[in-house]
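On the provided structure of chain A, position chain B as indicated by the hints.
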Amino acid sequence: MEYLTFKLDGDEFAVDVLKTREIVDLRTVTKVPQSPDFMLGVINLRGSVVPVIDLRLKFGMEKVAAGQSTSIVVMDVLVGGETLIVGAMVDSVEEVLGLDDSQIEPAPRIGTRLNTEFIKGMGKQDEQFLIILDIDRVFSTDELAMVQGAAEQPAFAE
Amino acid sequence: MTMDQYAETFREETLELLSELEVGLLELEQNPEDVDVIGRVFRALHTVKGSAGMIGFDEISRFTHEVETVFELVRSGGLPVTGELVNLTLAARDIIREMLDKNLAGESADTEIAEQLVAALRGLVPTQDDFSANGVAETAELIASGDNETSFHIRFRPPANIFHRGIQPLGLLQELTRLGSCKVIAQTDAIPGLDELDPELCYLYWDIILTTEHDEDRIRDVFIFVEDDCELKILPINEDLLAQSGEGGRLGDILVQHGDLSRDDLERVLQAQNKPKLGEALVQAGVVTGAQLDVALEVQAEVKRQKQKREAVEESSSIRVRSEKLDSLVDLIGELVTVQARLSQTTAGQDDPVLNEIAEEVERLTWEMRDHILNIRMLPIGTTFSRFQRLVRDLSQELGKEAVLVTAGAETELDKTVIDRLGDPLVHLIRNSIDHGLESPEARRKAGKPEQGTIFLSASHSGANVILEVRDDGGGINRDAIRDRARSRGLLTSEMETSEAELINLIFSPGFSTVGEVSSVSGRGVGMDVVKQAIDSLRGTITVTSAAGKGTTFTIKLPLTLAIIDGLLVQVAGEKFVLPLSAVEECIELSRQDVANANNRNLIKVRGEIVPYLRLRERFSLNGTPPEIEQVVIAEAMGQRVGFAVDHVIGEHQTVIKALGQMYRNVKGLSGATILGDGTVALILDLPPLVQDAEADERILTDSIH
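Chains as they are written, first to last, in the working numbering: chain A, 1 to 158; chain B, 1 to 706.
Don't read these hints as lab results, they were simulated from the structure. Predicted, not measured: the structure shown is a model, and the values here were computed from it. Each hint should be verified, as a subset may be incorrect.
Said to hold, decoys possible - A short, non-exhaustive set of chain B residues, derived as facing chain A with CB atoms under 10 Å: (1) G334; (2) V406; (3) Y664; (4) G669; (5) V681.
Even glycine gets a Cβ: it sits at the ideal position worked out from N, Cα and C.
Next up, chain A with everything else stripped away, as it sits in the complex:
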């Protein structure tokens, strides 16, 4: 199977290349009020309004200013039986890589600093680890709604 790899905070991630539609440069993102921080907002993708999430924030990493290589990976994501087109902002897009199933190991339960539900497995390329994401899980709206609930909490405390 082939995977598209990209970098986030120094780690290398991969998604099934068949789930990806295209890679676009960062463009003006319109923030939608009352939505959690990791949901960056919406962009205009050739006339369609496409939501974009910041994968760094989604994975609890530090927010950084967008750089030259910051890109948006537009993907087909299956949420609740429905295919949505969603963009994911990443630090940089690396390459398309073929991996045999034998090169993929199950995700370790600890040590990835990530919710293991998001991880399909770990690949190895040269000496570097590759975290293969289950992108449908990452975008599952239950997950989003949960985060949204959490984000609303501080507002109440004010």
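Chain B in isolation, oriented as in the chain A frame:
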């Protein structure tokens, strides 16, 4: 086309035919002798049977055949239209509907009910001998009506001495009948009194209405041996005859054209006439004979038939398109509108006349195309009205009330999506009107009203909106009951002052239902709030007015289309938002001083009236400080005037609405997004939820103070 597509087309067509059938039957209930309607019902049945047979749904085909047989009898005059017949046929329609769903799903329907119904229908049919003669004549005429036919009016007046020359007029007339379907009317007005009558002369002349595939020359051939001596007029009957007049060609004009009536006589009788029927008046005045009148009437009917035929042909010149195709067309035009806006913005800054001209041309074409495409999706709302006739009929029977539905403005056009989504709320409102609005027949009699209640359903255009009204002439809404209920539900505190209008509009609040008992009709746990939600989701508004003892009126205001709206573009903290222009009333400046004067309360004076306003910056937690002078957009939301404070008002913007999608489904106060001329995305505000939220917050705030 695959089989599935055939089946889908068949399903759509059949549903249409079934609704036509239903409308027809309900009309027949009112006018049992309307031949046109009987014909329509028959044709609907006939087509359902035919296409079901073609596609292999034999069950439907067989069953429909039975019903059609009965209506064939009705059509030939062998069976009167009775209430029982209408009831049975309506039931049959429902069975066909059920069979359709079942057969499409690959199941077979419950044959027992169908058989019972067929037996009942057969029970209505008299024995064979009673009607055979009539029926046969009718079918013969039917077979004769082909497509390439024209009709002629032939006036044949043989010379009086025709018998002396060995010519038999009967033979000529018989030859004519072989050319096509023929109606012969003998004119007898030239027959003299007995004292002057010469039995060897022919005093008769004939008018013949002939519908034939042959041309005029062929008709002349029939009269070839007598043509020189006789008076022979052959006039084609066509619609030109009536082009100058409306309904089927004016009788008077036809008579004048035949030379049976002078223009002067016609004018004289017309002036003297105070009866609705010109024909009778003319005969009474002695200017035409009864037979001449018959001919003219026959010509008139023929013209009408031709007109109907032409209309049928015109109807079939339309094509059926899947609505998804239209949806994608609307999407595309939306993109084009966006790109065009960018083009205009780009060229506006450049000093290139050629480029500017092209941009303007593209703009013009884009708008024209947009209007056309949106227009394709418009359907007359009458298609949904018909199902309500049935609803009212069935419901009033069920509830023991007498009610009739009167509709107006069925031709009003609305976006297909809006019509589709309007069905359920309207059903609910009508149910509500019959169940809660109309009183029982006795109560109505006591109140001095007719026992039969009336539900008015009307649609009309008003600017870029369509207004729908559901009105009943029932008892009106009980205000005290509303007040009590609202208090017990905590929607109203006892000190709260409410205007009459505010009070009755409380019925749209969630969880509000005044009737204690739950009837099978309304009160299925679905309240008016659901209706309101449905209307809100169509970006419409609903209000109610009511007069005690006189009735209740629900008024729904809807945008013409869902795809594109006129918006007002505003800016807050660098972000752009669009407000639906239809809700906007005016824009007012708000200076820091004004705010200080109002003691920092969010209230603004608009020509003497105090209007509350929301700060979009606060509601959306946007950063930055407002400018020295803000703008307040005064809009109408939730039945009241509310202001929305923004940094700048940019201007009007044709807004192509894009959904925000699944991921933002929990976000309140936004109805979608749109793409601006510079390619960025702006959010479209949904005003009512914003106001609702603000009200809720205020309540929490005041509660915590007390």
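Exercise for the section: Identify whether the interface hint at G334 of chain B stands, where standing means a beta carbon of chain A within less than 10 Å of its own. Expected result: holds, 7 Å
Problem - Supplied contact hint for Y664 of chain B, tested at 10 Å Cβ to chain A - result: Interface hint status for Y664 of chain B: holds (6 Å vs cutoff 10 Å).
Exercise for the section: Double-check G669 of chain B for me: the hint is only fine if its C-beta lies closer than 10 Å to a C-beta in chain A. Expected result: holds, 8 Å
Practice task
Tell me if V406 of chain B is really an interface residue toward chain A, meaning its C-beta lies closer than 10 Å to one of theirs.
Solution key: Constraint on V406 of chain B not satisfied, violated at 43 Å.
Handout entry: V681 of chain B as chain A interface residue, shortest Cβ-Cβ below 10 Å
Key = holds, 4 Å
Hint compliance for this structure: hint 2 is the single one not met.
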